[in-house]
Amino acid sequence: MRSPFRSRPVVRALAPIAALGLLLAACGDDGDPEQTPDAQTGDPDDGAATDIPDGPEIVVSSFNFPESTILAEVYAQAMEDAGYPVGRELDLGTRELTLPGLADGQIDFLPEYLGSALVTGFGEEPPGDVDSGADALQAAFEADGVTVLTPAPAVNSNAFVTTSAFAEENGVTTIGDLADIDGGITFAGPPECEERDTCLLGLTDGYGLDVTFESIQEPAARLAALEAGDVDLILLFSTDAPLADERLLQLEDTEGIVPPENIVPVIRTEVVDAYGDDLVTLLDEVSAMLTTEVLTEFNLRSSEGLAPDQIAGDWLAEQGLVG
Amino acid sequence: MGAAEDGAVRQLAGDTLTWLTDPGRWDVTSVAGIPFRTLQHLGVSVSAILLACVLAVPLALHLAHRRRAEALASSVVNIGRAIPSFGLIVLFWLLATRTGWVGTQFWPLVLALTALALPPVFTNTYTAVREVDAATVEAARGMGYTEAQVLRRIELPLASPVILAGIRIAFVQVVATTAIGAIVTNGGGLGRYVVDGFARGVAGRPTVLAGALLLATLTLLADGAFGLVERLLLPDGVRDDARRADVANRVGAAG
Amino acid sequence: MPETTAAPVAGTATPTDPMIALRGLTKAFDGQDRPAVDHLDLDVPRGEIVVLVGPSGCGKTTTLKMINRIIEPTSGEVFIDGQPTSARPAHELRRDLGYVIQQVGLFPHKTIAQNIATVPRLLGWDRDRIRARTAELLERVDLEPELASRYPSELSGGQRQRVGVARALAADPPVLLMDEPYGAVDPLVRGRLQDQLLELQRELGKTIVFVTHDIDEAIKLGDRIAILNVGGVLEQYAPPAEILREPANDFVRSFLGAERALKQLSLQAVGDAELVRGPVVAADESATAARSVAQAEGVDWVGVLDGERLRGWLWTDDLEDGRRVGDHATRDFRVMVDHATSLRGALDAIVTSRNQVAVVVDDDRYRGMLFIEDVARRLTLSGGGRANRRATPAVSEDRA
Amino acid sequence: MTGVLAQARPLLEWDWVGRNGELLWELTRQHLYFTGMAVGIGLAISLALSVVALRWRATLTPILGFGSVLYTIPSLALFALLLPVLGIGDALAITALVTYTILILVRNIVAGIDGVPREVIEAADGMGYRPARRFLEIELPLAMPVVVAGLRIASVTVIGLVTVTALIGRGGLGALILRGFRTLPPFPTMIVVGTLLSVVLAITVDLLLLGVERALTPWARRKTAP
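Protein chains in written order, with the numbering used here: chain A, 1 to 323; chain B, 1 to 255; chain C, 1 to 400; chain D, 1 to 226.
No wet-lab data here; the hints were simulated from the structure. Careful, some of the hints might be misleading.
Here are a few chain D residues that face chain A, going by a calculated C-beta distance under 10 angstroms [to be verified]:
| no. | residue |
| --- | --- |
| 1 | R57 |
| 2 | L81 |
| 3 | P84 |
| 4 | A175 |
| 5 | R179 |
Which chain A residues stay away from chain B? Per the calculated CB distances, all over 10 angstroms, these [said to hold, decoys possible]:
| no. | residue |
| --- | --- |
| 6 | G55 |
| 7 | P100 |
| 8 | A224 |
| 9 | A228 |
| 10 | V272 |
| 11 | D277 |
| 12 | M289 |
| 13 | L316 |
Ideal placement from N, C-alpha and C gives every residue a C-beta, glycine not left out.
Let's have the full structure, built from the sequences with the hints guiding it.
The following block contains the structure:
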């Protein structure tokens, strides 16, 4: 027979709940929720370097699309491999969220896109070439205490895309050709596109098109809307994998509303000051190897389900940049 | 809160008010205007709830009357609650892009919302019929009602408060969840403002806040309006049951 | 049932030293224009069962709950053993007062043993002592030891009520407060529980305040009955026999109901009445002798005795001359009563019997008979017979 | 029409799942962390509110009304409303999630305590329990089935809502769904697996809590018809 006397019911009642709470808290502790799961924090002691001066953690950030996150991972892992302490605040959002973060020091490092940074970030004129663009950007960032590093050869610019069928039917090959279509066109871009000179405003003001704008945040949803015939034109990135498909056509930007969009790492000046030229040299070395083909490859691998940190790590190893 | 932040919050409140009181926003002809977005929102929500009712109510009435599928009725609402609305909306969009049957803008969202509304409507209807006093039903049979008459004239009227309470819960849930559709399509009604404003960072915050206020208001109004509909639709004798059923069931409606 | 060191029934204290004394006890609930209990004075003697009885709204339950301060009095005072109850914290006071309520209120999440152990645990007894006490109480209320580890939902209503009493007795409180404890059990079980309570009381000698709305239960259980009227007015406070014999006023009379006389009979035992020998003859007597006995008694039948045993009876018309009475076939007395049977029971036996008589036996031995006039005579006499009714057969034998 | 998207990858690629066990575990853990924090904090707040509501009955209706309004506000709107106050981060996500637990939990705690039979309370008082001990030893254990039922509903609801927090950069399995959707062309396996895992997680937690309830209330299972 069971003993009729057992432990006090309250204790019995509360113990499992308390245990559950502790368990979950423990889970939270070692799986730091601040961190995007895509990004595995590398062990700072991994690198062999012993001559890294003491300095602040370098918080690496990215925009909320895979390519940006992969690029951030590339730089982050390269720095980690060299022994720098790196933190991550990836997938943060649009430029409207990242630039203030950079200015007030919440984040330290961001792989930027040259033209958009100037035009959208600071409302400047689109740059004529990469070098002048970089100088202009440095001047714009100066007040925020941010240093602009050497741009990479890789370019990923806004791409105005329609279906080949639509282009053929309407005899369209350039953005300007769209002006001939009766009743104007419907165009889908991400929400922030609506107020950007490099995007909707470029179409309306630069090309004088009659555009009905549809705000669709995600590129896949825009592509779906295009293919379903809901819209005539969408915004994608020039390195997006589906652009290779013959059923899609990127329209030519004859007016140059899309500025040169080289990848350009920007970093808080105080971080550069703390770690010195070695850090800049390392980052420049990485940038130099980033070409547009590499970006396309990144996006392709991403669409195959690979995680950003893995894509970045594989590439760095291939290039012999980490080891 | 520091003085600077205090000022920022006041600034934001002012900007939001400006946003909301801009006459252009209330232009009935503008597709970006509040009237259009509200109608778009309600269009999606009402389509979804009507579809859910058409699918779930007759089936639940039939099964409950026949005393069939009890295990299904009790578990379906729990399973329904476990399905993440965001995942389901994306999944329906994904399936739509692959089949090409229903377009990608309106119907995938409506169907996903319908799927979310089915469990509470089904379970409430089923339970409502099952909880009709067995003696009443027995008496009706004893007086010579046919099975169809028992269902239509006895069970349905007596169960109506709980059935309507279930639909009300589902409707509020659908109205709330429609906003998430703004991530996947150019629809999503008032959710559009939140998503678009969010993408614009600090500059978009008044839009986000205004959108959130409009959304919350619409949802609460939808809830209140449904309460009125209930009062009008219900037979006198069971009206009081409606309040009780509503309070008892107001769970699982967050979207 | 083991013998325990039961307190003596009367106790050592004099009746002028009541266990519980209510003085000017008043309860006025908010929003009611008249008090539920109005300046009630009442003494509950040590070791007695006092039953509070009255119609609903008479404040009997309110009065009971003011004793253990579940309800706080508006004014007035309750003394227990001479000490005002307001002098100590309510929870400490309550641990000294056993409490049994109609719905029992067993804790559904605790085993029977844990339920019984409630107050000892609150009082901080050690484990072994609690264990021993629990086992003892289970036995005392006639529950199997196996029930100790069950939960209340696994017990019948009657069993639960007995657990409720055991739980109230756990820390051996001198006072037991019982609020309509048997109101929710069916009549058959109720009778058994009442008998058990009387038996426990005989052994333990607690001071018990018992609330009921059932006058029969009050008469059966009470040493004294307090009849309360609406608003907590005490209409009469006396032993049951006195109340039945001399109702203080019309209210009491109407509350006792038309069957008052019969209720009075239920307070007296057959042993209290004078038995007659009745028309009985020994088996070896002649038919003629039997006929003359019957004639003398004024009946047309005769009982046949086999030594001390009453074999049965026969009609005088069936007696055959020249044969002994014992040679005739006899019919059985279908209903027989004993000393402990109430007179009301005896009356029932008389009216249902073909011979219009109650045959009194003690086991197999014939003791005598009661005719309806013998019973009727008791109606007008005072009856202090409760103690006799309750007495064990050994005691009543002296009188027989 | 067969477009670029229509000929995309299969809905479920098991080899991807096999290769990404670590990622899935990490996201699941993050999902649980958010759920645990939200339900835990929600429970603490709800207990406090319930004590207030039980002590001062008049406050019950306003408390439930407030909870009801919070519950009705769309999650997306709530994130947006809290954003200026809390900024982007865990605090925002968890605070928003907590608000959805209040109505469910307060209602069930109050209903659970109210459901304790009056006679049991009276018996406890009559035995000499003091209020605090009576609450802990009698009322809370007896209310446990209803409270745990509330915890189950709250947990399942929150697990579903955590996916939405992905939209503000936090969000366990929701982040996976979003990543699969954000990739061009989309990666269906992430969407399917993220959704399914969230469902599995909800059902698992629900069953676990059911088990906890069973273990805590042995008296509720052993019933024999008296």
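Hints and how they fare:
no. : hint : verdict
1   : R57  : violated (25 angstroms)
2   : L81  : violated (18 angstroms)
3   : P84  : violated (13 angstroms)
4   : A175 : holds (7 angstroms)
5   : R179 : holds (7 angstroms)
6   : G55  : holds (28 angstroms)
7   : P100 : violated (6 angstroms)
8   : A224 : violated (4 angstroms)
9   : A228 : violated (5 angstroms)
10  : V272 : holds (25 angstroms)
11  : D277 : holds (33 angstroms)
12  : M289 : holds (31 angstroms)
13  : L316 : holds (31 angstroms)
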